[in-house]
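Given next are the chains, with one letter for each unit.
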Amino acid sequence: MHVVTFTRSTPDTAAKVWVDEEGAVSWGDVATVVNPWDEYSLEETIAITKSSGGKSTVIAIGAALHDDALKHSLAMGIQDAIRVEEVGADIHDSLNWSGLAAGALQKLGDVDLVIFGKESIDVASDQHSMQLARRMGWTMLSFVSAIVELDAAAGTIRVEKSLEQGKQTLSARLPAIISVMKGINEPRYPNFLGIRKAAKAKIPVWTAADLGVELPAPATSALRYFNPPPRAVSTEIIAGEGVSDKVETLVARLFEEKVL
Amino acid sequence: MTVFVWIESFAGRALSSSWEALGAASALAADLDCAVTAVVLGANAEEIAAEAAGYGARQARVCSDASLSEYRLETYAALLSQLVAEHKPKAVLAVASNRGRELLASAAADTGNGMISDVIELRLADGQIIGTRPAYAGKVLMEMTAHTETTFVTLRARAFSPAAAVAGNPPAIQRTAAAATPDSIASLVEGFATESGTVNLTDAAIIVSGGRGMANNPRNPPDGLTGEAAAIWKAKDGFANTLAPLVDVLGAALGASRAAVDAGYIPYEHQVGQTGKVVNPDLYIACGISGAIQHQAGMRNSKVIVAINKDAQAPIFKLAHYGIVGDLYEVVPALTAALRRRLG
Ligand SMILES: Cc1cc2nc3c(=O)[nH]c(=O)nc-3n(C[C@H](O)[C@H](O)[C@H](O)COP(=O)(O)OP(=O)(O)OC[C@H]3O[C@@H](n4cnc5c(N)ncnc54)[C@H](O)[C@@H]3O)c2cc1C
Ligand SMILES: Nc1ncnc2c1ncn2[C@@H]1O[C@H](COP(=O)(O)O)[C@@H](O)[C@H]1O
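Here the protein sequences line up with chains A and B, keeping their order. Residues 5 to 264 in my numbering are what the first sequence lists, from first letter to last. Residues 5 to 348 in my numbering are what the second sequence lists, from first letter to last.
What the hints contain is simulated information worked out from the structure, not anything from laboratory work. Since the structure is predicted, the reported quantities are computational estimates derived from the model, not experimental observations. Honestly, I wouldn't trust all of these hints.
Computed list of lysine-lysine pairs in DSS-like fashion (alpha-carbon distance at most 30 angstroms, straight line) [to be verified]: (1) K20(A) to K322(B); (2) K111(A) to K201(A); (3) K240(B) to K171(A); (4) K59(A) to K262(A); (5) K307(B) to K240(B); (6) K201(A) to K59(A); (7) K111(A) to K206(A); (8) K94(B) to K262(A); (9) K186(A) to K322(B); (10) K307(B) to K186(A); (11) K54(A) to K186(A); (12) K186(A) to K20(A); (13) K171(A) to K54(A); (14) K171(A) to K262(A); (15) K206(A) to K59(A); (16) K307(B) to K322(B); (17) K314(B) to K262(A); (18) K262(A) to K111(A); (19) K204(A) to K59(A); (20) K262(A) to K322(B); (21) K54(A) to K204(A); (22) K240(B) to K186(A); (23) K240(B) to K20(A); (24) K240(B) to K314(B); (25) K186(A) to K171(A); (26) K20(A) to K314(B); (27) K54(A) to K206(A); (28) K201(A) to K186(A); (29) K201(A) to K54(A); (30) K240(B) to K322(B).
Covered stretches of chain A (in silico footprint by chain B; criterion: 3 or more residues with CB under 8 angstroms from a CB of chain B, positions within the stretch not fixed) [unchecked claim]: (31) 49-62; (32) 114-128; (33) 135-141; (34) 219-233.
We treat Cβ as the ideally placed atom computed from N, Cα and C, and that holds for glycine.
Just chain A, with the same shape it has in the complex:
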């Protein structure tokens, strides 16, 4: 069983992020982390391939910055890492992105299952996994909260999917693409040996030409980034004699605000 997972680097969730005078997004020199939602997809990939004796590959599409996420993935226990970089390609355009991603899957050839995190914490385009599935003609199972059964021999998968109204149980044939939710597992931390091995790894870089992919004109463009208007809050710490006094004042305020 060959399981592939996709990831990339994102700014640390605690980083201050702003738009500078040139209109570019900046987070200063704060380090990037592996996209936090992908800790769950990486863990799931490692657990499945360990128990089935299969193969695991992680792919990032984009510039060298994403090598950090790939090294983190290797340090956790993914076997192989690949970076796909096409200078000039707009990887934020999901049709462009999925063209490169599909090319990489085709080049690997023997992929049974692809696992994504629920979303990317920075751009959260909500499209990557689904659009790759459509391009490959594979089944998409998104928002998976549990893999109930995975039968490599029969080529089937059974999952529990989270919808706002509850949990749906679905079965499908492989190859398939799934995106997983937080809570599906407890992601492991890379250990010292893993980190040392990952630091030495040479990560191959594939280009569009290597994949035989011709990229279309991007379907979307980001026109501009801007800082949200500052939120002017003045906090009223409710004063009063005792708890009952304070809650009466609070309730009165909430009625004045017309939120009740």
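Please arrange chain B with the ligands on chain A, whose structure you already have, making use of the hints.
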């Protein structure tokens, strides 16, 4: 020319959030000087289309083929893609629910069109559809546009006003056949388990959330429980017997911080924040939550924020409109009682 809006339904009933999508679609269609077409798929599609007409959708494309009675991405996407290819709408709108996200992304890929997701503002400039959306957990905003014939747009829940009800407009309903034949369907629905009585966080007008502070419950756990197990018992008891009554009296949804989720006090479905749900209520009441930046990312845009925390220095007070410094196990029951007197 038309603007499509997918009217999401569950168990044969339209979700009320769909009227927000219809409201956004009507505003866009008015700017484009065209009509809105409601796309209604699944059980009761015609009744739902008639209901949509009551909110201003004059045209509807409906299909209630048996293969659509349970929502499934393949069957829904196949039909939506086919309708888009045939009618080339200027835009396709839906709420960014889990289904809306995957359905629109899939149909956009099928038809080679661009998509803008999680939009909070939509406008037309020189015939171009421009969507404003948050990025980097709302620390930054961005404007996006698509260059394709159709623009797919998912809308953040509660960011757009619902369409207004209009009287006496029977919809022009067009029936369509299902696009996918059963043997081309790769996944099968085996079951569905609903969580009874839960209010959807992203649609909720009021949210009451609990954090790690829920573990400081003065009630004593049953004999034999110590350490972490005792803390879990105390927090669970607090969620069930202290927060739940406040939730009930307000008709609110129950949220939580990640610390509470990770400690096993409450299931992940309730988590608000950067790796949980992003919510947009009129009123957010944070109880025993410190207000870490990742929690703020999920609730910062709530209209009115109330914090109940015993630490006057907690960062949540910088964000809150109203704060009570005190023990939540004293404040929340008193607040519940006061509200019950006022709200009945
Ligand atoms: C990648 C990443 C993603 C994350 N995503 C999220 C996310 O989605 N959502 C999220 O919430 N966090 C998230 N976090 C975690 C976040 O950083 C904080 O750790 C978490 O929000 C803290 O939760 P808390 O406020 O409940 O706990 P604490 O920070 O421990 O605060 C507990 C508060 O309760 C108060 N308190 C204690 N007892 C009482 C009492 N009896 N009465 C009143 N007040 C009391 C204390 O004064 C304190 O302020 C994320 C972190 C990372 C690194
Ligand atoms: N450039 C990229 N390379 C690899 N994986 C990516 C890339 N962009 C997004 N992803 C992954 O796609 C998933 C969904 O992201 P998104 O569609 O942006 O919300 C996450 O698991 C991301 O890590």
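Evaluation of the provided hints:
| no. | hint | in the structure |
| --- | --- | --- |
| 1 | K20(A) to K322(B) | 17 angstroms, holds |
| 2 | K111(A) to K201(A) | 25 angstroms, holds |
| 3 | K240(B) to K171(A) | 22 angstroms, holds |
| 4 | K59(A) to K262(A) | 58 angstroms, violated |
| 5 | K307(B) to K240(B) | 28 angstroms, holds |
| 6 | K201(A) to K59(A) | 17 angstroms, holds |
| 7 | K111(A) to K206(A) | 19 angstroms, holds |
| 8 | K94(B) to K262(A) | 38 angstroms, violated |
| 9 | K186(A) to K322(B) | 29 angstroms, holds |
| 10 | K307(B) to K186(A) | 27 angstroms, holds |
| 11 | K54(A) to K186(A) | 20 angstroms, holds |
| 12 | K186(A) to K20(A) | 24 angstroms, holds |
| 13 | K171(A) to K54(A) | 27 angstroms, holds |
| 14 | K171(A) to K262(A) | 35 angstroms, violated |
| 15 | K206(A) to K59(A) | 18 angstroms, holds |
| 16 | K307(B) to K322(B) | 15 angstroms, holds |
| 17 | K314(B) to K262(A) | 26 angstroms, holds |
| 18 | K262(A) to K111(A) | 59 angstroms, violated |
| 19 | K204(A) to K59(A) | 20 angstroms, holds |
| 20 | K262(A) to K322(B) | 22 angstroms, holds |
| 21 | K54(A) to K204(A) | 22 angstroms, holds |
| 22 | K240(B) to K186(A) | 20 angstroms, holds |
| 23 | K240(B) to K20(A) | 34 angstroms, violated |
| 24 | K240(B) to K314(B) | 19 angstroms, holds |
| 25 | K186(A) to K171(A) | 15 angstroms, holds |
| 26 | K20(A) to K314(B) | 27 angstroms, holds |
| 27 | K54(A) to K206(A) | 22 angstroms, holds |
| 28 | K201(A) to K186(A) | 27 angstroms, holds |
| 29 | K201(A) to K54(A) | 18 angstroms, holds |
| 30 | K240(B) to K322(B) | 28 angstroms, holds |
| 31 | 49-62 | violated (count 0) |
| 32 | 114-128 | holds (count 4) |
| 33 | 135-141 | holds (count 4) |
| 34 | 219-233 | holds (count 13) |
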